[in-house]
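**Student:** Here is how the chains run, residue by residue.
There are 2 protein chains.
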Amino acid sequence: MDRIVECVPNFSEGRRPEVVGWLAEAVESVEGALVLGTHIDPDHNRSVVTFVAPPETVVEAALRVVARAAELIDLSAHAGQHPRMGACDVLPFVPVRGITVEECVALAHEAGRRIWDELGIPVYFYESAALRAERRNLADVRRGGFELLREQIGTVPERAPDVGEARVHPTAGACIVGVRPLLIAYNVTLNTRDLAVAKRVARRVRERDGGLLHLKALGFELESRGVVQVSMNLTSYERTNLHQAFEAVRREAEREGVEVLASELVGLVPQAALDRAAAHFLQLENYSPDLVLENRIAAAIERRKGGRP
Amino acid sequence: MDRIVECVPNFSEGRRPEVVGWLAEAVESVEGALVLGTHIDPDHNRSVVTFVAPPETVVEAALRVVARAAELIDLSAHAGQHPRMGACDVLPFVPVRGITVEECVALAHEAGRRIWDELGIPVYFYESAALRAERRNLADVRRGGFELLREQIGTVPERAPDVGEARVHPTAGACIVGVRPLLIAYNVTLNTRDLAVAKRVARRVRERDGGLLHLKALGFELESRGVVQVSMNLTSYERTNLHQAFEAVRREAEREGVEVLASELVGLVPQAALDRAAAHFLQLENYSPDLVLENRIAAAIERRKGGRP
Numbered sequence: 295m296d297r298i299v300e301c302v303p304n305f306s307e308g309r310r311p312e313v314v315g316w317l318a319e320a321v322e323s324v325e326g327a328l329v330l331g332t333h334i335d336p337d338h339n340r341s342v343v344t345f346v347a348p349p350e351t352v353v354e355a356a357l358r359v360v361a362r363a364a365e366l367i368d369l370s371a372h373a374g375q376h377p378r379m380g381a382c383d384v385l386p387f388v389p390v391r392g393i394t395v396e397e398c399v400a401l402a403h404e405a406g407r408r409i410w411d412e413l414g415i416p417v418y419f420y421e422s423a424a425l426r427a428e429r430r431n432l433a434d435v436r437r438g439g440f441e442l443l444r445e446q447i448g449t450v451p452e453r454a455p456d457v458g459e460a461r462v463h464p465t466a467g468a469c470i471v472g473v474r475p476l477l478i479a480y481n482v483t484l485n486t487r488d489l490a491v492a493k494r495v496a497r498r499v500r501e502r503d504g505g506l507l508h509l510k511a512l513g514f515e516l517e518s519r520g521v522v523q524v525s526m527n528l529t530s531y532e533r534t535n536l537h538q539a540f541e542a543v544r545r546e547a548e549r550e551g552v553e554v555l556a557s558e559l560v561g562l563v564p565q566a567a568l569d570r571a572a573a574h575f576l577q578l579e580n581y582s583p584d585l586v587l588e589n590r591i592a593a594a595i596e597r598r599k600g601g602r603p
Numbered sequence: 295m296d297r298i299v300e301c302v303p304n305f306s307e308g309r310r311p312e313v314v315g316w317l318a319e320a321v322e323s324v325e326g327a328l329v330l331g332t333h334i335d336p337d338h339n340r341s342v343v344t345f346v347a348p349p350e351t352v353v354e355a356a357l358r359v360v361a362r363a364a365e366l367i368d369l370s371a372h373a374g375q376h377p378r379m380g381a382c383d384v385l386p387f388v389p390v391r392g393i394t395v396e397e398c399v400a401l402a403h404e405a406g407r408r409i410w411d412e413l414g415i416p417v418y419f420y421e422s423a424a425l426r427a428e429r430r431n432l433a434d435v436r437r438g439g440f441e442l443l444r445e446q447i448g449t450v451p452e453r454a455p456d457v458g459e460a461r462v463h464p465t466a467g468a469c470i471v472g473v474r475p476l477l478i479a480y481n482v483t484l485n486t487r488d489l490a491v492a493k494r495v496a497r498r499v500r501e502r503d504g505g506l507l508h509l510k511a512l513g514f515e516l517e518s519r520g521v522v523q524v525s526m527n528l529t530s531y532e533r534t535n536l537h538q539a540f541e542a543v544r545r546e547a548e549r550e551g552v553e554v555l556a557s558e559l560v561g562l563v564p565q566a567a568l569d570r571a572a573a574h575f576l577q578l579e580n581y582s583p584d585l586v587l588e589n590r591i592a593a594a595i596e597r598r599k600g601g602r603p
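Residue numbers (this note's numbering), protein chains in the order written: chain A, 295 to 603; chain B, 295 to 603.
Derived from the structure by calculation, the hints contain no laboratory data.
Be aware that one or more of the hints could be misleading.
[What the hints assert, rightly or not] With beta-carbon atoms standing in for the labels, derived distance ranges:
(1) B:E312 - A:R598: 17 to 25 Å
(2) A:E517 - B:Q577: 17 to 25 Å
(3) A:D584 - B:R519: 22 to 30 Å
(4) B:E596 - A:R461: 39 to 47 Å
(5) B:E579 - A:H338: 19 to 27 Å
(6) A:I595 - B:A566: 16 to 24 Å
(7) A:H333 - B:E579: 51 to 59 Å
(8) B:I595 - A:H338: 25 to 33 Å
(9) A:L512 - B:V560: 42 to 50 Å
Note that the structure is a prediction, hence the values are computed from the model and not measured.
Think of the CB as a built atom: it goes at the ideal place given N, C-alpha and C, for glycine as much as any other residue.
Starting from the given sequences, assemble the full structure and let the hints guide the process.
**Tutor:** Right under this line is the structure:
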């Protein structure tokens, strides 16, 4: 696949694994759509299906899984602490390879229109796909959840959907469709029990407080392990990569007299992020993906497919 | 490709690029054989074609390229400083993925028998494919080159080939077939003009003198750049990887009061070697290839090909 869009729908169902299996099947009923993983969270009664597809078929795959969720999940009977307002609650499109944010926004808008036209579910657009500034932030769109939305959607003008009539779908609620960057979730653990240290380090490294661009960070306690953790999201690894985040945390921890114990990835990481980290630490001056044996094999396979000698 | 053998034939032709093109074509006339690169060296009048193939077709691809070299190259008219004794001088098989050294030895022996049976070129086996201890080292097999071999092959018993009659092919000479490990060629440059420093560092890090296992190292001067270089071969990156070589060189250079300037890869590197370096420096405690987005996509493609849901 030369052009790849990732799509990460969140569903209001975390206690019936068979439902998550059927949702994944709905995705893979579409040519070129590949499920990379599913995650089920019984505590929050939510689940996530991560899939990739080329731009030509990603909207169709999204439509089928939203339709299947509307059949299988009855939001009016759903309980769970996590805020949610749809059977398929959030539908983010993520540019991965060979596609721009703008192109993904066009796909998200197409998906939103079809979700209303074909399924009768009203749609809100968030983050890069937002049509109103006050809807960029997902938490703002979702505040009060399904129950509050059901009351307000027809009476409070600023809660009217971006696509569709101002009424929730009786069982599937509403769907929040957006475009967000590929993000890397990355944690670094520190050799101390002092949460204040983790919080200070997090503050010093994150963009919001003058640290590294495209880096979000929070300090947490890992009680069971007796250590603390700086938990980070890197929203543009091309600009701020793992090694820069790691080194910034290590430097700020050292200032506190604390050592880095280890780091961990939460979820998937693009190959390029690891490669860039290796090249950085090895001071590799001639790194290029073209030097990697597996990439050369893949390129030779593509070349032969294309019929060139 | 689940199972991959790399094959890196060396040819006694480095001044006619069209010949190298035809040799590459001969390789790719075989199903599943993929040329990853060609290298032509006019100074030494030699060339290299690097290709990969599954074990089922790698011998056929090797046969075709040795046959084509015998047609195109006349060793009796060849000049060049580099020792050589065949049109296709050396034919190493390299286990890359899903195949053992022993299986590659069986492939090398099959290729050797066919090179004699079908092309009438006598064959010597070297390194892991050697049938006699004194032929493990390629340089020992090739000593004196084509001209000396032509004199001795029929008269000196220890120069008799491993396969075939004791006479050279009149224009294609003989072929040396072997199995060697996948190696990473990796150089680290040091911020000094003092060659003795590079030589001492090389000696301290290499296996031969009590350093790291599976690491060969030499010190060189890079006159044009006014620095020196520790030039290394890693013959088992699973045991001694880039990061261990880099850190050993850096440590020994520091003992000499010298800084590492940069490093460079010469030729191809397996993805796993870069990944392990990244995981080491980032202190990533949960690294697995399964966390890499591209690997997950490839696995999902394979899963769907296999018809599993």
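**Student:** Look at each hint and say if it fits the structure.
**Tutor:** Going through the hints against the structure:
Under the hint 17 to 25 Å, the C-beta atoms of E312 of chain B and R598 of chain A, about 21 Å apart, fit the expected range. A C-beta distance of roughly 22 Å is found between E517 of chain A and Q577 of chain B, which places it inside the suggested range of 17 to 25 Å. For D584 of chain A and R519 of chain B, the hinted distance range of 22 to 30 Å is satisfied, since their beta carbons lie about 23 Å from each other. Checked against the given bound of 39 to 47 Å, the beta carbons of E596 of chain B and R461 of chain A, roughly 45 Å apart, stay inside it.
Under the hint 19 to 27 Å, the C-beta atoms of E579 of chain B and H338 of chain A, about 26 Å apart, fit the expected range. Judged by the Cβ atoms, the range 16 to 24 Å given for I595 of chain A and A566 of chain B holds: they are separated by roughly 19 Å. A hinted range of 51 to 59 Å for the beta carbons of H333 of chain A and E579 of chain B is inconsistent with their spacing of about 20 Å. Checked against the given bound of 25 to 33 Å, the beta carbons of I595 of chain B and H338 of chain A, roughly 31 Å apart, stay inside it.
As the Cβ distance of L512 of chain A to V560 of chain B is approximately 43 Å, the hint placing it in 42 to 50 Å holds.
Going down the numbered hints, you'll see the structure goes against just number 7.
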